[in-house]
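Sequences listed follow chains A and B, in order.
My numbering numbers the first residue of the first sequence as 1 and each following residue consecutively.
My numbering numbers the first residue of the second sequence as 1 and each following residue consecutively.
Don't take each hint at face value.
As the list claims (entries may be wrong) - Between beta-carbon pairs, the in silico distance windows are: (1) B:Arg240 x A:Phe35: 50 to 60 Å; (2) A:Lys81 x B:Asp134: 52 to 62 Å; (3) B:Phe211 x A:Asp440: 25 to 35 Å.
Keep in mind the hints are simulated off the structure, nothing from the lab.
Using N, Cα and C, we set each Cβ at its ideal position, and we do this for glycine too.
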Amino acid sequence: MPKTDRGSTFFDNTVVPGGSNEHPIVELRKVSRSFGEVIANESVDLKVASGRVHAVLGQNGAGKSTLMNILAGVIQPDSGKILVDGVPVTFRGAGDAFEAGIGMVHQHFQLVPSMTVAENVLLNDEPRRRGLIDRRQAHEMTVAALAPLGGEIDPGTQVSALSVAARQRVEIARVLRRDVRVLVLDEPTAVLAPNEAVDLMGLVRQMADRGTAVVLISHKLDEVLQVADHLTVLRTGHVVADQAAVGLDARSLANLMVGREVDMTHNEEAPQVVGDPVMSLRSVSTSPGAGGPALHDLDLDLLTGEVHGIAGVDGNGQRELVSVITGSVAPVQGAVLWGGEEVRSHSVRQRIDLGIAHIPEDRHDQGLFLEEDITTNLVMRRFQSPPASSAGILHRRTIADRARSRIEEFEIRGSAEQRSRELSGGNQQKVVLARELSGDARLVVAEQPTRGVDVASAQFIYRQLLRQRDEGNAVMVVSVDLDELLTLADRISVIYGGRLISTWRRDDFDVPAMAEAMTGASEATDPGSPS
Amino acid sequence: MTSRLTGLIRPLTAIPAALVSVGILLALTGDDPFSAMATLADGAFGSSQRTGETLTSFVPLALTGLAVAIGFRAGLFNIGAEGQLLMGALSAAAAGPFLADVPPVLSVPFVMVLGMLSGALWGFIPGYLKAVRDANEVITTLMLSYVAFFVTEYLVTGPLKTDGVLPATDLLPEMLRLPRLTEPGQVGIPDLGRLHAGVFVALAALAVAAFIAHRTTFGLRSRLVGRSVTASEYAGLDVRRTIIQTMALSGSIAGLAGAVQVLGVSYRLSSSFSPGFGFTGIAIALLGNLTAIGVLLAALLFAVLQTGGQVMQRLSGTPSSIVTIIQGLIILFVATRISGIKQVSTMLVRRKARGRRRGEE
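Work out the full structure: start from the sequences and follow the hints.
Here it is, written out as structure tokens:
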């Protein structure tokens, strides 16, 4: 078993950092691919050179994923050429591309949560001694693989116990351990907190400086502009820009992606008259449990006509907070008030009937039944009450009529009978929005509402949430993306370790203080936090 | 409706494939496959009595197939329909002697309801254990089948044993037996043999089940819980209650199968009461793509094979175990291609993932 020493691989690479366009490692020439009648890529050229961070931008459905999957050998093009080191090649599968030195880190990690870090990093390539896995060597190899990525990750830890950021490093280490010259990262920062994203971008820069070609897919324009050397922008399957990143700004990039002027501001108007609390939490504590810290003595008021942002690094009690509000977790202590009335023992269904809409973080596992049609998905949270049913009998015509009008209103591209698995990610999110935002909700709880969606879809979602606010409802947005909250929220609270550290109103947003609070640094000095 | 029918097309293609395979097998062993198949068809439909016999065996197969399908649709692998059927049969046979003087309009429905309640209890227990204790229903339903089997075995050889040598209960009073559709010797009407009014019970059960599945909130809730527990909890569905209710409903239909078989065919419970109706029901549910109409067709097919096979063995000496091979092959062909089984296997995969997630927490 050859021992892979990342460090030497980096330095053995003789390509001069900074790279050169004349000798790309991989080149796609006039690559086209369609799915049925949908053209995903048409005559796309892409040159990936070593030592460069190459960002690929585009809206959902612009053909980024298809292009990256062609690059990584997962999908074969209908026509066009793939050249590696100037030699035409055919990838019959991801394995072929991997052999050629192209590795991809997918947005959804391909790790086995119940196995250890070492087992995941070395999966299918375990060091063996007399037919058994050599644990000591495995440990050393994993440490070596993780070393260039920084951070302390114990190879013996079970992956399920790691934070998202750590899992991502494990995933990158697993890909980099093989002699990868081209590393494709599919929206790597979508799941990270601001400081983690900054760390990762630093790492990406380092890898490029050591000679690796990094292909970065991202929706976060600012971040792309900070780290990328070169940009390729796709729109409806075509390359609309392919140029050095120098001198571009976020607005011009957004316009390139969308093909028209994008309004990048959202919440400039002063909020409507802020009214009474719709929901209030008083000294709420939960028992320590699933996935994150317990809530400690948490107070929160969600007011009519206000967007309340909950900022914080993933896993600091956001999920528990949402669960207490939506009713899937009962607090062990404290009061949950709905218009002054105690509702802590109300079930999820009772809270839906009260008027609590919930846009969950995970569309695939939680927000949708992927094997069911759009009609069913539009009614899944309300079919047990009138008008969708009465006395246990479904009113199928009412359900179908409403589904049709919602599909139209929210511009969902799909028929009522179509299974939601067959929809694009953006349309899936629209189904969730159409269901949650077209009822008579008084409180809208949205978790990471724009994660993994493109600029235009994000605008649509922001408009919908602000419309809810303007109609006099309370809106709570949980996001790890502080920029998102700064554009959207009227009030931002930072959550850390299951406590709300501090709250800022729109007119005194203090970004450095928020960022500090998100790391827990200001906890001790905050007068509001219990000691 | 169209999608429900198209879902049946692929399972149906398994049937000719199975028949061809068996034909080859017969040819290899020196039999003439064409005459064997002809005898089989003749055995199932050759006379009005044989047709009646085929429809008689259709009744318990359709009901157990339906029972299994109800569970599977909700992601619940109730493979214990056999035990639930036995409990239904046991309560019918045990209650019968006490109802000799009650008018049949009351006693017959009473015994059917009793059978359903017994089956429902035998489905409720694993449902409760799954919902509350997270016990795997594959194991609990199978084990409870053994309990049911040995309980009935003990009762028919002991406390409930009739006089004489047979390990069986007393025969039901005449009044309580389901009427046959035709009596032998009637002029102008073809004699349908043992076919009894229970066939209407089976058809009604299929119709009611189809209605429940597509028109009621319970049917939708049950299907959604089978699709994804995570999404169901988000949707505010009461997952535990749904699991318990679905298992009880599934068990009650199997219990009904047992009660109807006692009321209409055997008139008693004996140790050889069931040739494995409950297990054949699993195959029927899968071949029928877990829909009521599919179960109806699949149960008919299996009834034809079983009745025809017995006649075939008597007339031509071709062993009726050929029929078992055909059934096995059909399932094999279905399993390798179609959605009914694909659904089940994706449910199994998802269940594993769910277990993993639980482990994470």
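Going through the numbered hints above, which ones does this structure break? Give me the numbers in ascending order. 1
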